[in-house]
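**Student:** Position chain B against the provided structure of chain A, taking the given hints into account.
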Amino acid sequence: VLANDAVEQVIRGPLPFRRLELGQPYVFERVTVPLRAMDAAALERLSRQGQLYLSLAEMLAIRDYYRQLGRDPTDVELETLAQTWSEHCSHKTLAGPILYRDPAGQRQFENMLRETIFAATEEIRRRLGPDDWCVSVFRDNAGVVRFDDQYHVAFKVETHNHPSALEPYGGANTGLGGVIRDPLGTGLGAKPVANTDVFCFAPPDTPADAIPPGVLHPRRIMRGVVAGVRDYGNRMGIPTVNGALYFDPRYLGNPLVYCGNVGLLPCDKAHKEPRPGDLVVVVGGRTGRDGIHGATFSSAELTHQSETVSGGAVQIGNAITEKMLVDVLLEARDRGLYHAITDCGAGGLSSAVGEMGQHLGAEVALDLVPLKYEGLSYTEIWISEAQERMVLAVPPEKWPELQALCASEGVEATAIGTFVPTGRLVLTYQGHQVGDLAMEFLHHGRPRILRQAVFFPPPAEPLVPPDRGDYTEVLKAILGSLNVASKEWVIRQYDHEVQAGSVVKPLVGVANDGPSDAAVLRPVLGSCRGLVLACGMNPRYGDLDPYWMAASAIDEAVRNCVAVGADPKRIALLDNFCWGNTDRPETLGTLVRAALACHDVAIELGTPFISGKDSLNNEFRPPDGPPIAIPPSLLISALGQVADVHRCVTMDFKQAGNLVYLVGLTRNEMGGSHFALVEGLSGGQVPKVDAGLARQVFAAMHEAIQSGLVRACHDLSEGGLAVAAAEMAFAGGLGARLDLQQVPAEPDARHPAVRLFSESNTRFLCEVAPAQAAAFEAVFRGLPCACLGQVTETPWLEIGTPRPLVHAEVAALKEAWQRPLRWQAT
Amino acid sequence: MARPRVLILRAPGTNCDVETAYAFELAGAVAQRLHINRLLENPGLLADFQVFCIPGGFSFGDDVAAGRILASLLQHHLAAELAEFKSRDKLILGICNGFQVLLKAGVLVEPDAHGPLATLTWNDSGRYEDRWVRLRVAAPGCVFLRGLESLYLPVAHAEGKFVTRDPAALGYLESAGRLVLRYCGPDPGQPAPYPDNPNGSWADTAGVCDATGRVLGLMPHPERHVHRTHHPRWTRGEGSEPGDGLLVFRNAVEYFAG
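So the protein sequences, as listed, match chains A and B. When we follow the numbering used here, the leftmost residue of the first sequence carries the number 1, and every step to the right adds one. When we follow the numbering used here, the leftmost residue of the second sequence carries the number 1001, and every step to the right adds one.
The following block holds chain A by itself, in its conformation from the complex (with noise of 0.2 Å):
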């Protein structure tokens, strides 16, 4: 406790209760700030001390404004102006001019997002034609796609990183009640059907004297947000079905907590459009002055002041409030009660109102708001991110039946203004006009700032694999490094079953322990059809080349969903960069460099993008020394479906005597392996992705486990070949006796510990019974596969022939995989 600054004081013993500091009632008074008169010099005080964080182009913007208009802004236009032109809410460096330069040239974008990753979605569509099966994408909370006759489904994944670094506990919690909000917010409003979660910390084994001043210790920043999103996914009844976790001493200052949301969409409930004369009615929780200045303080740097100035950004979670929401809304969207949803996220009512009237302008009365306390301006109603909340545009003639549905269950709802086709913004507080903005001004004056960009290749450095006589100790160092070894302490914590849909469960195996390459559930009781959930990321891979960091993570995450029965012409994909402090361009060159991998492979193999997000500024700023930047972190996920999940298979080895094919393959890429990792090593080739052989692989894949001809699929990754092995061995509770000499490898991918730990993408491990070999071969004529062994009784296993390089019993390497993250209190 003594390591949060929020705790002032402990005290042993009962606490002596004296008195009780009640609020003071706010006192109206309209503030209006002389910006017209401010040199540049006091604007940059201005958005720094007021927590603004507008840079001085867009200060002076304003200021010019206010000038032609003849008047200085009020508190609460100013305000509105930062929320919506913040980088949270308006992602201006991504969806800005760029110019980019890399060895090869240079290039200019207009809007970086649109010309890479939403183009690469456009021209999937376009090849699809007909067939096409997006249904919205990069425009509402979440992204649409087609699922069966009547429902689509929306997934969404955000970040709270900065919240979970002061409070993690409250941070992670309120980042999945957040990420909930948004399917929920999509269209007339998604039903929650699943949860994902990502996270990255330093290692919790980092020593305590490592840690600088206004950071919480790795392992308590772990066990607080584990226990955040376990409560609130928990509680809402959610299954949490898929995940990860990464660890990097980069992250110590600064940890990444990545949410995501799948919904089930109505197909008829896909769109929504405020009217005029619509209601703007707020429902669900009370406003508070809990998360005041979240948007703009997630767009700044951390520091060791950050816990005292921005604690108040953190907001304060209730799952069961917004359950009793999500019962009510979608009752009330059923019955066709409002004409648009959408959450308030990010800014609160600023954002959400902001958007939402966007095309046709709003009038709010911020005294009509109801509160959890007294004594909050109308400037913090206005920019509280207070949780819980939901905003509706509702017909006047359907507001009575609305509020009788959220009083029969004991949800507020409260109409705070009205709809108005007027192309402005007004706010009042008790009579009083406080605020009067011009949408077209919110949402278009925000100057376009070009920014530069520059990407430079570290100079290429070989790796040269140590020889050893047996490789037994290396495969169980890699098992037990934290990113690969067993995740089971968060898994459990988590409810990954209710709702009833679960299929492939995020553990698998004989002993219901083995690592599932994907999660399969059934989102609609009594029918077939799946959904597939999984996701790739390996910042280790950017250090080398941010480009095939970001097609190795496109990779990895469609073949995992490939890998338990995924269609790969049905794969949905979402990107999440988090990255450090883009003003500097070799920051913002290193992640145009994956924006434009994502752009080349998606089209290749014809997985569109559908949502995104991203998260700049991960930096922290000991008081002493430079920042600390955070490895540059492209989570993507992927969202499958299968037709039938009858046909889904695991990754457990199921019977001795079956078969064991290797698919796919196996290059000289140790580069950011984990191999390297433990072994100490730099420089070696990064694993690159030929997507074409990719695409013809999935389908390949695909083929064969629909034909019912694989008995256990598993995707090669992290520790390549022998990884996949071992997990595959002691998830089925059966050995292995594998021939090195028959992978289907490159030329120079001769050395055996190549052929072991190479993390060559597009590569799985199948298990096939003798009858179907000559037809599971037939599925593979002309693609790389081979068969390297069998599956045994006994329960070693055996890599390398005649000379075995990798020994062990099962048992044990499973034990050191189990083994350092077998926490046991919570």
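Calculated directly from the structure, the hints in this document are not laboratory data. Take these hints with a grain of salt, some might be off.
Said to hold, decoys possible - Computed from the model, here is a short list of chain A residues facing chain B with C-beta under 8 Å:
# : residue
1 : Arg235
2 : Met324
3 : Gln493
4 : Tyr494
5 : Val649
6 : Gln790
Said to hold, decoys possible - Quick list of in silico lysine to any residue cross-link-like pairs, SDA-like style, CA-CA up to 25 Å:
#  : chain 1 : residue 1 : chain 2 : residue 2
7  : A       : Lys372    : B       : Gly1061
8  : A       : Lys92     : A       : Val27
9  : A       : Lys372    : B       : Asn1037
10 : A       : Lys613    : A       : Asp644
11 : A       : Lys372    : B       : Ile1069
12 : A       : Lys487    : B       : Gly1106
13 : A       : Lys487    : B       : Gly1126
14 : A       : Lys487    : B       : Ile1069
15 : A       : Lys269    : B       : Tyr1022
16 : A       : Lys476    : A       : Pro795
17 : A       : Lys487    : B       : Trp1122
18 : A       : Lys372    : A       : Val27
19 : A       : Lys487    : B       : Arg1236
20 : A       : Lys372    : A       : Leu405
21 : A       : Lys269    : B       : Arg1236
22 : A       : Lys613    : A       : Gly445
23 : A       : Lys398    : B       : Asn1037
24 : A       : Lys487    : B       : Asp1196
25 : A       : Lys398    : B       : Leu1034
26 : A       : Lys398    : A       : Leu368
27 : A       : Lys487    : A       : Gly469
The beta-carbon is built from N, C-alpha and C at its ideal position, and this holds for glycine as well.
**Tutor:** Below, chain B without anything else, positioned relative to chain A:
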């Protein structure tokens, strides 16, 4: 065969109501999800149903203790209707949070002069855990478990450790055949250590019935194993169609067939 009508009670924080209704429907019942506020406004509604089921979730956030607030509402506002319901040869089922509610409301195990005999408290592990457990039916007489010897179902809870006030209370309930469902290991005759007994429950108790055998509370989730593909090892050829859990709901439906 007449299809019995099942009331699935919803409260703020209930989250297994939809799949529990589905399981009852699959078993041949007519299930209706009803908010606690409707029942409090009109307690007479209960008389329209043959089965009263409180599904899993976090009713009222499990504030104070798991199931405590909903239990109080039942005790203070619906006691007469529930007593009437029980006396009319009808069935009551509480799953997970519903078990916690029934137990804390005194519907399942009647308190004596010294107070409640049993409760459900924090797991020995101190944390929420989702895992599959083997169960054996330890005593005859519970309508929901008729004809069953063993079940394989998931648990997912933080407060599922069944404890009694004292060893005497445990002995009384055990000898009365009320501890009908027990966690077990590969050998059903032996005590079940963690994680076979996932929470440290006394006498490996997973489910308890009332003196009539027509009221059952259990921590495992039968509604999560109604299809073969729910079984965690169905890809290994284990499990069958329908899943074990559906048999519990079928027993409820068949009770009204005769």
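**Student:** Each hint should be assessed against the structure and marked as holding or not.
**Tutor:** Taking the hints in turn, this is what the structure says about them:
no. : hint                  : in the structure
1   : Arg235                : holds, 5 Å
2   : Met324                : holds, 5 Å
3   : Gln493                : holds, 5 Å
4   : Tyr494                : holds, 7 Å
5   : Val649                : holds, 6 Å
6   : Gln790                : violated, 18 Å
7   : A:Lys372 to B:Gly1061 : holds, 19 Å
8   : A:Lys92 to A:Val27    : violated, 36 Å
9   : A:Lys372 to B:Asn1037 : holds, 24 Å
10  : A:Lys613 to A:Asp644  : violated, 31 Å
11  : A:Lys372 to B:Ile1069 : holds, 22 Å
12  : A:Lys487 to B:Gly1106 : violated, 39 Å
13  : A:Lys487 to B:Gly1126 : holds, 18 Å
14  : A:Lys487 to B:Ile1069 : violated, 35 Å
15  : A:Lys269 to B:Tyr1022 : holds, 24 Å
16  : A:Lys476 to A:Pro795  : holds, 16 Å
17  : A:Lys487 to B:Trp1122 : holds, 23 Å
18  : A:Lys372 to A:Val27   : holds, 17 Å
19  : A:Lys487 to B:Arg1236 : holds, 22 Å
20  : A:Lys372 to A:Leu405  : holds, 22 Å
21  : A:Lys269 to B:Arg1236 : violated, 39 Å
22  : A:Lys613 to A:Gly445  : holds, 22 Å
23  : A:Lys398 to B:Asn1037 : holds, 22 Å
24  : A:Lys487 to B:Asp1196 : holds, 20 Å
25  : A:Lys398 to B:Leu1034 : holds, 23 Å
26  : A:Lys398 to A:Leu368  : holds, 19 Å
27  : A:Lys487 to A:Gly469  : violated, 31 Å
Checked against the numbered hints given earlier, the structure breaks hints 6, 8, 10, 12, 14, 21 and 27 and satisfies all the rest.
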